[in-house]
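J.: Listed below are the residues making up each chain.
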Amino acid sequence: MFAYEKRLQYPVNIKNPDPKAAKIIVSQLGGPDGEAGAALRYLSQRYAAPTREVQAMLTDIGTEELSHMEMVSAIIYQLTRNLTPAQIKESGFDAYFVDHTTGIYPVSAAGVPFDAAYFQSTGDPIADLNEDLAAEQKARITYDNILRLIDDPDVREPIKFLREREIVHYQRFGECLRLTTDLLDARNFYAFNPAFDKTKKKKQKK
Amino acid sequence: MNERQKLLLKVQQLSFALVEANLYLDSHPTCEKGIAYFKKHKSELDKARAEYEEKYGALKMENALGDDDRKWCWVTEPFPWVSEYERGER
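Sequence order for the protein chains is V and A. 12 is the number of the first residue of the first sequence in this note's numbering; add one for each residue after it. 1436 is the number of the first residue of the second sequence in this note's numbering; add one for each residue after it.
These are computed hints drawn from the structure, not numbers from a lab. On a predicted model such as this, the values are computed, not experimentally measured, just so you know. Any given hint might turn out to be false.
The list that follows gives simulated cross-link-like pairs (lysine-lysine, DSS-like), each with its CA atoms no further than 25 Å apart [as the list claims (entries may be wrong)]:
no.: 1; chain 1: V; residue 1: Lys17; chain 2: A; residue 2: Lys1475
no.: 2; chain 1: A; residue 1: Lys1490; chain 2: V; residue 2: Lys17
no.: 3; chain 1: A; residue 1: Lys1445; chain 2: V; residue 2: Lys17
Based on the sequences and whatever the hints tell you, model everything.
T.: The structure is reproduced here in structure tokens:
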């Protein structure tokens, strides 16, 4: 089960509303490499993980991604407070506003609603972990691009924190991939599904 | 930074140290240095969180009952997306 703790993982305190920035950053909530997809990806994949180390990692990183969804949502919430109709029109936030007002809804920056097709759960831990490594890099790139477009230090600080987490998660998933292949016959890591084709597992010493 | 903000930041820092240790220990479960790091920050976090909850309200639902058992304090403090600006602290 999950227990909520009533605080953000990292502080978010944004003084000045900026609907144009919100429109960009919302992609890291509901876009193709956003936090909603990350959380669902890891929390869905963990059941096919071959060892408790990998089961733990997918559970714990998936849980951290939920707290990142909350941070990105808090950023959007704070960037869209007290807007005037003129600000909404001039910033281009009007396309989001017409459907969602200033509510938080998972979409990409281009307005495409969140889609579970952004991630896979193949039931094959090697395929899944390779996807996870790519996903962390893609999210890091998105944060880099956000940092290229945003100047406000109140917004940049939490975004920089989230970017760093992608790098740490990449490191940890790399270790998971190694732990997984260590269990297998080195001659054919990638030729079968170790979670399904049980006969191909390396014989463990008793 | 006021006292509440300082104490919350301390909770966030110590808890973050534990998250980092958590992920590291998942793939290095017998690392003595990692375990010592976790232990040190765990006891400091427990202290800081208890102090915050005592002074400024519950972080965890199970600690949300007020001292006199007459009030559900989960709803008396703002939720965390409310900024220090909106709280009127800055």
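J.: All hints, please: hold or fail.
T.: Structure-based check of all given hints:
1. Between the alpha carbons of Lys17 of chain V and Lys1475 of chain A the distance comes to roughly 23 Å, so the proposed pair stays at or under 25 Å and holds.
2. Distance restraint check for Lys1490 of chain A and Lys17 of chain V: the Cα-Cα separation of roughly 15 Å lies within the 25 Å cut-off, and the hinted pair is therefore satisfied.
3. At roughly 15 Å between alpha-carbon atoms, Lys1445 of chain A and Lys17 of chain V fall within 25 Å of each other, so this suggested pair holds.
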